[in-house]
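**Q** Protein chains in written order, with the working numbering: chain A, 1 to 273; chain B, 1 to 269.
Everything labelled a hint here was simulated from the structure, so no lab data went into it.
Keep in mind that the hints are not guaranteed to be accurate.
[Said to hold, decoys possible] Distance condition first, Cα-Cα at most 25 Å in a straight line; then the derived DSS-like pairs of lysine-lysine:
| # | chain 1 | residue 1 | chain 2 | residue 2 |
| --- | --- | --- | --- | --- |
| 1 | A | 6 | A | 23 |
| 2 | B | 265 | A | 6 |
| 3 | A | 165 | B | 159 |
| 4 | A | 165 | A | 113 |
| 5 | A | 23 | B | 186 |
| 6 | A | 238 | A | 58 |
| 7 | A | 44 | B | 186 |
| 8 | A | 115 | A | 165 |
| 9 | B | 265 | B | 159 |
| 10 | A | 115 | A | 189 |
| 11 | A | 238 | A | 80 |
| 12 | A | 19 | A | 6 |
| 13 | A | 189 | A | 165 |
| 14 | A | 189 | A | 113 |
| 15 | A | 165 | B | 265 |
| 16 | B | 265 | A | 23 |
| 17 | B | 109 | B | 159 |
All values reported here derive from a predicted model rather than from experimental measurement.
Spelled out from the first residue to the last, the chains are:
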Amino acid sequence: MSLYDKIFPPRITTLPNGKSVAKPRSRAPVVILVILALSYVSVKVTGFDLSVVVRRSKEFFVIFARMVPPEWGYMSRVWKPLMDTIKMSLLGSAVGALLAVPFATLASTNIVKNKVLVAAMRLFFSLVRTLPTLITALIATYIFGLGTLAGTIAIAVFTFAYLGKVLYEEIETVDMGAFEAMESMGVTKARAFVFAILPQVAPSYFSNCLFCFEGNVRYAAILGYVGAGGIGLILNEKIGWREYPSVGIILLALFVTVFIIETISREIRRHLT
Amino acid sequence: MKDSISAMYEKRPRTWATQALLLALALVLLLWSGLSIESSGSGTGGGKIALNILSGLAHPDTGLLFNFTKQGVAYLLLETVCIAFLGTVVGAILAIPLAFLSASNLMPKPIAFVARVFIMAVRTVPTFVYGLVFVRMVAPGPFAGLLTMSLSSIGMVSKMYIEAIEDLDAGVLESLTAAGCNTLQKIRYGVLPQLMPGFASTAIYRFDMNLRDATVLGLVGAGGIGAPLIFAMNAYRWNEAGSILWGLIILVLLIEFLSTRIRVKLARG
Numbered sequence: 001m002s003l004y005d006k007i008f009p010p011r012i013t014t015l016p017n018g019k020s021v022a023k024p025r026s027r028a029p030v031v032i033l034v035i036l037a038l039s040y041v042s043v044k045v046t047g048f049d050l051s052v053v054v055r056r057s058k059e060f061f062v063i064f065a066r067m068v069p070p071e072w073g074y075m076s077r078v079w080k081p082l083m084d085t086i087k088m089s090l091l092g093s094a095v096g097a098l099l100a101v102p103f104a105t106l107a108s109t110n111i112v113k114n115k116v117l118v119a120a121m122r123l124f125f126s127l128v129r130t131l132p133t134l135i136t137a138l139i140a141t142y143i144f145g146l147g148t149l150a151g152t153i154a155i156a157v158f159t160f161a162y163l164g165k166v167l168y169e170e171i172e173t174v175d176m177g178a179f180e181a182m183e184s185m186g187v188t189k190a191r192a193f194v195f196a197i198l199p200q201v202a203p204s205y206f207s208n209c210l211f212c213f214e215g216n217v218r219y220a221a222i223l224g225y226v227g228a229g230g231i232g233l234i235l236n237e238k239i240g241w242r243e244y245p246s247v248g249i250i251l252l253a254l255f256v257t258v259f260i261i262e263t264i265s266r267e268i269r270r271h272l273t
Numbered sequence: 001m002k003d004s005i006s007a008m009y010e011k012r013p014r015t016w017a018t019q020a021l022l023l024a025l026a027l028v029l030l031l032w033s034g035l036s037i038e039s040s041g042s043g044t045g046g047g048k049i050a051l052n053i054l055s056g057l058a059h060p061d062t063g064l065l066f067n068f069t070k071q072g073v074a075y076l077l078l079e080t081v082c083i084a085f086l087g088t089v090v091g092a093i094l095a096i097p098l099a100f101l102s103a104s105n106l107m108p109k110p111i112a113f114v115a116r117v118f119i120m121a122v123r124t125v126p127t128f129v130y131g132l133v134f135v136r137m138v139a140p141g142p143f144a145g146l147l148t149m150s151l152s153s154i155g156m157v158s159k160m161y162i163e164a165i166e167d168l169d170a171g172v173l174e175s176l177t178a179a180g181c182n183t184l185q186k187i188r189y190g191v192l193p194q195l196m197p198g199f200a201s202t203a204i205y206r207f208d209m210n211l212r213d214a215t216v217l218g219l220v221g222a223g224g225i226g227a228p229l230i231f232a233m234n235a236y237r238w239n240e241a242g243s244i245l246w247g248l249i250i251l252v253l254l255i256e257f258l259s260t261r262i263r264v265k266l267a268r269g
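Here chain A stands alone, though its shape is the one from the complex (with noise of 0.2 Å):
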């Protein structure tokens, strides 16, 4: 920051009652010069061409366009996948978000107190979270079979990553006086975490918790592509036959769901906060 003020210095102005205000110069076009050559580099990379979207744009809708109108009679067919993708995403989100729970406490600064342990947690909770679902999802596909099981466990291994960084975020920045004031009347440190500390962060916690369940519901789409069962599964097997009406059921059917499922958790969220 100083030395980019060092080469470019602030603009001087000086004020009528004779003092004089520095105004140091805009970071923007050093920030759009990098951005245009990441760009360039990107498109040299990957090959985007322009003119092929524009030429080809009608190819888009083709897909889309056979997938109306939707096939009503598949529809039986897409409640058992339908509820199998909520049910795994329901108790995938609630064993990763039980976890974190703990994992959580150990990696915040202000409840542990040893550096080395704080910093391995969060290592772990790093370490975790780089790992894709959908690689996730595979590899739990091999140790436990294929199965809703598989998707579960990927769903649970998630949210538990998600939900510990901001769980213990959320932690470190609560009121400590309720805490101290418990430790000091001579409460065990544990009693005074469920106590003093459990209550400020439960709001915001059951609020991720409900965002995360919004989310996996539509993540779980995608791991039946690996055979962890769910929509995903007919979702692809319809893919891969052409049938796209049956497509266009499935994909509508998600979406009354996710819009149903988001319209609930925005209203709870609504009453939590």
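Starting from the known structure of chain A, fit chain B onto it as the hints suggest.
**A** Only chain B this time, still in chain A's reference frame:
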């Protein structure tokens, strides 16, 4: 003194009935979902495969890891970063008009509602469906991946943009009007400074997410590091998978570190 404390304690809110109800509801939901979990059960080989995966991670294929040709991990990672970067840029730009259309403080209610439903519909279609469509539209490869990324970014990015737009402080605009600014000046000095940090922060966050999600593109042949990784895993070549995974983990950690630094700076101004 003690009496007043116990009097207050007696007056504490008692919500155990609602709490018990909520707990029961949660338990019923969990039982409902837990009882139907199924798997084809390959319990016998599972432990061995887990050990193989771990040993693959411990002994990555260094030849692949330090191979700087087009088949090496380094190039694949570069391709993935490029897909995620340009995809985010395109998506973030496309999301701007959509977000303004669905901001309820600027647009009439019906238009905002339609735009919101549209954004949700775009968001519901799973990434790999877009991938398949784009692979058909332009040839398989990173270009298709880029288009997929940009389309699947739109949903979340515009949702966050909308929140930023709805939080706009109208007072600033009013005072600019009072000072005699025209519309262009109001946008330049009143709207842009309020929106830019939020928009930039959202785009950077989405870039982070796109990088993690880029493995999905490999499923449909839309470029990136996903395809080689999934091939290696399907063929049980754990050393190869290990080296790709290490490359991906280091890259994601690095990008996350950088993006958090930039976003903290943006948030503090």
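**Q** Compare the structure with each hint and give your call.
**A** Right, here's what the structure says about each hint:
1. Only pairs whose Cα atoms come within 25 Å are accepted, and residue 6 of chain A paired with residue 23 of chain A is accepted, the gap being roughly 13 Å.
2. At most 25 Å may separate the alpha-carbon atoms for a hinted pair to count; residue 265 of chain B and residue 6 of chain A meet this at roughly 20 Å.
3. At most 25 Å may separate the alpha-carbon atoms for a hinted pair to count; residue 165 of chain A and residue 159 of chain B meet this at roughly 22 Å.
4. At most 25 Å may separate the alpha-carbon atoms for a hinted pair to count; residue 165 of chain A and residue 113 of chain A meet this at roughly 18 Å.
5. With a C-alpha separation of about 20 Å, the suggested pair residue 23 of chain A and residue 186 of chain B falls inside the 25 Å cut-off, and the hint holds.
6. Between residue 238 of chain A and residue 58 of chain A the alpha-carbon distance is near 22 Å, which keeps this suggested pair within the 25 Å criterion.
7. Distance restraint check for residue 44 of chain A and residue 186 of chain B: the Cα-Cα separation of roughly 38 Å exceeds the 25 Å cut-off, and the hinted pair is therefore not satisfied.
8. The suggested pairing of residue 115 of chain A with residue 165 of chain A holds, with an alpha-carbon distance near 17 Å, which does not exceed 25 Å.
9. Restraint check for residue 265 of chain B and residue 159 of chain B: the C-alpha separation of about 22 Å stays at or below 25 Å, so the hint holds.
10. Annotation: proposed proximity of residue 115 of chain A to residue 189 of chain A holds, straight-line Cα distance about 18 Å (limit 25 Å).
11. At roughly 16 Å between alpha-carbon atoms, residue 238 of chain A and residue 80 of chain A fall within 25 Å of each other, so this suggested pair holds.
12. For the suggested pair residue 19 of chain A and residue 6 of chain A, the alpha carbons sit about 22 Å apart, so the restraint of at most 25 Å is met.
13. Of the pairs offered as hints, the one joining residue 189 of chain A and residue 165 of chain A holds, with about 22 Å between alpha carbons and a cut-off of 25 Å not exceeded.
14. The straight-line distance between the Cα atoms of residue 189 of chain A and residue 113 of chain A is roughly 12 Å, inside the 25 Å bound, and the hint therefore holds.
15. Distance hint between residue 165 of chain A and residue 265 of chain B is fulfilled; the C-alpha atoms sit about 20 Å from each other, no more than 25 Å.
16. Between residue 265 of chain B and residue 23 of chain A the alpha-carbon distance is near 18 Å, which keeps this suggested pair within the 25 Å criterion.
17. Proposed proximity of residue 109 of chain B and residue 159 of chain B is supported: the alpha carbons are some 16 Å apart, at most 25 Å.
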